[in-house]
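*Asks:* Here's the letter readout for the chains.
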Amino acid sequence: NAGVTQTPKFRILKIGQSMTLQCTQDMNHNYMYWYRQDPGMGLKLIYYSVGAGITDKGEVPNGYNVSRSTTEDFPLRLELAAPSQTSVYFCASSSPAGPSSGANVLTFGAGSRLTVL
Amino acid sequence: KQEVTQIPAALSVPEGENLVLNCSFTDSAIYNLQWFRQDPGKGLTSLLLIQSSQREQTSGRLNASLDKSSGRSTLYIAASQPGDSATYLCAVRGSSNTGKLIFGQGTTLQVKP
Numbered sequence: 357n358a359g360v361t362q363t364p365k366f367r368i369l370k371i372g373q374s375m376t377l378q379c380t381q382d383m384n385h386n387y388m389y390w391y392r393q394d395p396g397m398g399l400k401l402i403y404y405s406v407g408a409g410i411t412d413k414g415e416v417p418n419g420y421n422v423s424r425s426t427t428e429d430f431p432l433r434l435e436l437a438a439p440s441q442t443s444v445y446f447c448a449s450s451s452p453a454g455p456s457s458g459a460n461v462l463t464f465g466a467g468s469r470l471t472v473l
Numbered sequence: 496k497q498e499v500t501q502i503p504a505a506l507s508v509p510e511g512e513n514l515v516l517n518c519s520f521t522d523s524a525i526y527n528l529q530w531f532r533q534d535p536g537k538g539l540t541s542l543l544l545i546q547s548s549q550r551e552q553t554s555g556r557l558n559a560s561l562d563k564s565s566g567r568s569t570l571y572i573a574a575s576q577p578g579d580s581a582t583y584l585c586a587v588r589g590s591s592n593t594g595k596l597i598f599g600q601g602t603t604l605q606v607k608p
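Sequences listed follow chains A and B, in order. Quick note on numbering: our numbering labels position 42 of the first sequence as 398, and the sequence is numbered without any gaps. Quick note on numbering: our numbering labels position 41 of the second sequence as 536, and the sequence is numbered without any gaps.
Some clues are possibly wrong.
With a straight-line Cα cutoff of 20 Å, these simulated EDC-like cross-link-like pairs (lysine to aspartate or glutamate) come out [unchecked claim]: (1) A/Lys400 - B/Glu498; (2) B/Lys563 - B/Glu498; (3) B/Lys537 - A/Asp394.
These are calculated hints, taken from the structure and not from any lab test. Small disclaimer: the values here were computed from a predicted structure and weren't measured.
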């Protein structure tokens, strides 16, 4: 009963380095999301996907890229890390059921804490 | 552009007290509203989801209400316990159900024994 799994849990990067945050879900959810959470703030949507092969920008997409080649996986790529990308990153998924269904509930991963120095 | 605000940012109450957390949003054309709990250093756990056609949802000691016309939701916690200490976030989904959830900043609750 894994739900949403994110790796790595922690990572320190140097300015200009690249990395990929991995996210996988085993609930056969169509929708997947990447959020970032800065200290004392709510979550900001980076990118989301409504199904394999379909992605779209959220509120704060600059500096990030995503792909969705399978239903299960939604990796987030940082190409040139900057200190402003120091944050906690959360991946989430949901099923786009009808308005009377509880399956519209978002399920979150445990988060990936990224520090860029 | 939808904006979600939660007041207060922090709240401290003695154990056993009933309390209300507030969430307001600027665009009333929402698909649903969800309340989450976040423990320090952890991910988010969904507490309650209210569809746009509903007025409230209940789960145990938690009751969430929704007033779309005034752009407000409240989360009522009855008989608070120290284990309720956490950050509570509300989030609204836009009217098209495209999956975009907009979050408030959260209210950090401390329940003192």
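*Asks:* Taking 20 Å as the top limit, are the C-alpha atoms of B/Lys537 and A/Asp394 close enough?
*Replies:* holds, 14 Å
*Asks:* For A/Lys400 and B/Glu498, compute the direct alpha-carbon distance and say whether it is at most 20 Å.
*Replies:* Given pair A/Lys400, B/Glu498 holds - Cα atoms ~11 Å apart, limit 20 Å.
*Asks:* Next pair to validate is B/Lys563 with B/Glu498; report whether the Cα-Cα distance is within 20 Å.
*Replies:* holds, 14 Å
Consistency with the previously given hints is maintained throughout, with no hint failing.
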